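S.K.: Same order as they appear, the protein sequences are chains A and B.
Going by this note's numbering, 226 is the number at position 226 of the first sequence; the sequence numbering is gapless.
Going by this note's numbering, 430 is the number at position 430 of the second sequence; the sequence numbering is gapless.
Since the hints were made in silico from the structure, they are not lab data.
Here the structure is a predicted model, which is why all the values come from computation and not from measurement.
Any given hint might turn out to be false.
[Unchecked claim] Each pair of labels, with its calculated beta carbon distance range:
1. A:Tyr97 <-> B:Glu372: 17 to 25 angstroms
2. B:Ala500 <-> A:Glu315: 33 to 41 angstroms
3. B:Ser401 <-> A:Glu272: 52 to 60 angstroms
4. B:Ala329 <-> A:Gly184: 37 to 45 angstroms
5. A:Gly150 <-> B:Leu121: 56 to 64 angstroms
6. B:Lys415 <-> A:Ile68: 53 to 61 angstroms
7. A:Tyr97 <-> B:Ser401: 26 to 34 angstroms
8. B:Ala74 <-> A:Tyr97: 40 to 48 angstroms
Beta carbons: idealized from backbone N, C-alpha and C, even for Gly.
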Amino acid sequence: MTATMSLVPFEDALATYDPVMGLEVHVELGTKTKMFCGCSTELGAEPNSQTCPTCLGMPGSLPVVNAIGVESAIKIGLALNCEIAEWCRFARKNYFYPDMPKNFQTSQYDEPIAFNGHLDVQMEDGEIFRVEIERAHMEEDTGKSLHVGGATGRIHGASHSLLDYNRAGIPLIEIVTKPIEGAGARAPEVAKAYVAELRELIKALGVSEARMEMGQMRCDVNLSLRPHGRAEFGTRSETKNVNSLRSVERAARFEIQRHAAVLDGGGTILQETRHFHEEDGSTTSGRIKDNAEDYRYFPEPDLVPVAPAREWVEELRAGLPELPRVRRNRLREEWGVSEHDMQSILNAGAIDLIVATIEAGAPADQARKWWMGELARHANESGRALDEQPITPAQVARIAALVAAGDLNDKLARQVIEGVLAGEGDPDTVVDKRGLKVVSDEGALGTAVDEAIAANAAVADKIRAGKVAAAGALVGAVMKATRGQADAARVRELILEKLGAEG
Amino acid sequence: MTDHSKSDHSASDHSASDISTSDITRLTAAGIAERIASGDLTAVEVTEAHLARIEAVDEKINAFLHVDREGALAQARAVDEKRAAGEPLGPLAGVPVALKDIFTTEGVPTTVGSKILEGWLPPYDATLTKRLKAADVVILGKTNMDEFAMGSSTENSAYGPTANPWDLTRVPGGSGGGSSASLASYQAPLAIGTDTGGSIRQPAALTGTVGVKPTYGGVSRYGMVAFSSSLDQGGPCARTVLDAALLHEAIAGHDPLDSTSIDAPVPPVVEAARNGSVAGMRVGVVKQFRGEGYQAGVVQRFDESVELLRGLGAEIVELDCPSFDLGLAAYYLIAPSECSSNLARFDAMRYGLRVGDDGTRSAEDVTALTREAGFGDEVKRRIILGTYALSSGYYDAYYGSAQKVRTLITRDFEKAFEQVDVIVSPTTPTTAFPIGERADDPMAMYLADLCTIPTNLAGNAAMSLPCGLAPEDGLPVGLQIIAPAMKDDRLYKVGAAVEAAFVEKWGHPLLEEAPSL
């Protein structure tokens, strides 16, 4: 580690400096076709199978704007409380990279489709922080380079590179905040909460699935420090492609500590891009961004200006869904949970699943309990997102119903969930196949209780003498004898009944 | 001129036609179409006659970079089969065309006159190519041009210059010198050009042929390799005004693949060409289109043309368009700027030439070596100019100012067209210059487009047609007619009247005065 990598403890950094952040988020839209041609955007296809002369930048090819892309951009702009341009143009951002077919990116420059907005984000303690939005603009994604033969997967040391242009031309919306000031020690949390809120918003609008782990939403964290009381900003670093909520928070935190160390040591911060490392939460130097970097932007002459009719914009505004924060507050009250619990539900990506489970007939507390408990644990263990597990809200609702009817106890229900996740079928099938019904035959249960009392005479005497708490040992024995397939509450009732004790 | 009967055609045994090969190649496109429709000629005979002519004379001219013999004959056979089956034929069915090598042709080489695309076989047809095929126009091959359409002489082609059929030591103009020379040497009755600053009209003027730059957006640019996207416009070239109109109609019209293509009906160009008249029209003469640098014989023939128009019943109106003097300067900022971006894609990664890829060099080095070898001097010059003009700190002074000039020129045209129906001018300040004369003097070369550039900047329509030979050198002079955007039909109405009057005056089309090859 070089000297520049030494860190100042977070609290110490904040005692001296005031962090200023700028967040740039790229969202891949979920349109069926690319931004400027008719190629499919489906993920996972054979490399270069979803290409055409236009997205390969073949000589003579021309772009045509995807109307759904524009509509999605306007929806995002409206949901971020932005003004929508009455007239705007695309621009060419000229730079070279082998995975960019035309060697310019069709983007927007000084005429973004949406600008001057804000997004209110809620901290874990319920406090609202307003993040000002500078702009949201439309652009196209690049292809992907795969560097082969090196140790790191980066271009250095690679023997050759493979290019896949399937992603080239997929619509992107870039959302840029104004400088976020005044967050102080909460800056990392604000960054995370902002990206989380934005992700929820994008999902609610239905314009993208916004899966960060799949690169559908990518965040750049720009950060600088200035001594308390100074107005002008310090030099910023740009940490690129920070692709999870947790990483956004960690990257901001790391950069605050790193900047503080450099500044405390009398050094200067380089304006550079930095890579974030998931393993240890650190960042390392990327490319120096001096002022020589010149994209030679100019209006894209191959496309006509975009001039969304005001009636259309108002129509889109009227059709916006309930915004996530508003919806969350409503659900929180309906479900009767704390801010903190709601935050956990949000972080787990469980809101929509719980809503769907409730809609399928489960009580709110049951729906919440299963998704945030057993299913969250499974998701965590399998490394999958909660909603990527092979179980549906309807199936969870059915399990809850079986528990409510007394056909399953919690322990059995967990086994049913396991069976469903293992692909053994729907809950009823798993119950049948695994023979997981609660033993509700009173005769059989009575016999098991009698046997337990006979085998544990000393305990039985205590209970008869009034030590009701001792009943647990007998319940355990019965449950063991029935291999868990008994309703523990009923077993306890029977024990107390037979021993003439009052529960 | 009848000594070409030793061609393939003499061996073919079909048709009652007694028209010789050389006679066939001297027919107009309309004349050919009529004879094919009536059965006097077959499309195969017509195609073979032109292929034979190409074989006989193109060694001297170098109009074609690639002759698609098999493709052309296959298209011709299909036309003959259609006719035999009684299917209706389009107005240009079976008529051959020479296609500028800037339009993509699926599976047929498309080089744009550059080494950097040597060997590239495009995977797709340009919209214009598709429309030609759909109209059963037979594509003979791809014509020579200044590399990436950057030039006014065709000397910037990576594949050698094209000679002017009027004088083989002189240039045919450019960038579309191959297309115009193919017409003037009877290798094709129709040709396609592209016009960014005059590349259709200037070669037409220098070869005594007709060339039209349609309104920007009138003909799809999809599949036309871009030089300067906001200026480039494909259009028809022919030996007569009517032929140009027929070709114009075949290639024009809205294309959903080109966002800048105009979604409106094609102006009635053929009808206009069949009903030439200037009676009662107001014709503007712009005072900025004369003076220093204009050859005396060019000015003389232009003045005679104005008198001819007056004699035909036109009212002549003097116009002042001061911004036109800035046109050349604005053009040489806008066009290079756009080209610097458009040509960035030629990086040796996906198609065309690749130099130095020996497994040891980086992608960056291979790109640099390929460009060094693959781009000619003029292309490099314009890429550098454009890169500079767009760079931060210079953008406002160069690209930004040029765009303002563009707006002023557009306004001057708008004001002018409040007073007149069309504007006329010389197409070029001089007649064809000797090969090599301006090759090392870019500024002299750029002046060749002085009169044509304002139209590209404003996006309206213009035509060049022959108006006589300059007395001092006996070379053709072009008359330019300029119309407002989407009024392309006016070019043909005026052009047809002027053409008819001149032919009557001369007793024959001007091209008949060209030396035989």
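S.K.: If a hint holds in the structure, say so; if it doesn't, say that too.
M.R.: Structure-based check of each hint:
1. A:Tyr97 <-> B:Glu372: 17 to 25 angstroms: holds (20 angstroms)
2. B:Ala500 <-> A:Glu315: 33 to 41 angstroms: Once the Cβ atoms are compared, 56 angstroms apart, the range 33 to 41 angstroms for Glu315 of chain A and Ala500 of chain B is violated.
3. B:Ser401 <-> A:Glu272: 52 to 60 angstroms: Violated: the Cβ-Cβ distance is about 35 angstroms, outside 52 to 60 angstroms.
4. B:Ala329 <-> A:Gly184: 37 to 45 angstroms: violated (55 angstroms)
5. A:Gly150 <-> B:Leu121: 56 to 64 angstroms: Distance hint for Gly150 of chain A, Leu121 of chain B is violated at roughly 34 angstroms.
6. B:Lys415 <-> A:Ile68: 53 to 61 angstroms: Given range 53 to 61 angstroms: violated, Cβ gap about 42 angstroms.
7. A:Tyr97 <-> B:Ser401: 26 to 34 angstroms: The hinted range 26 to 34 angstroms holds for Tyr97 of chain A and Ser401 of chain B, with Cβ atoms some 31 angstroms apart.
8. B:Ala74 <-> A:Tyr97: 40 to 48 angstroms: Holds, at about 42 angstroms.
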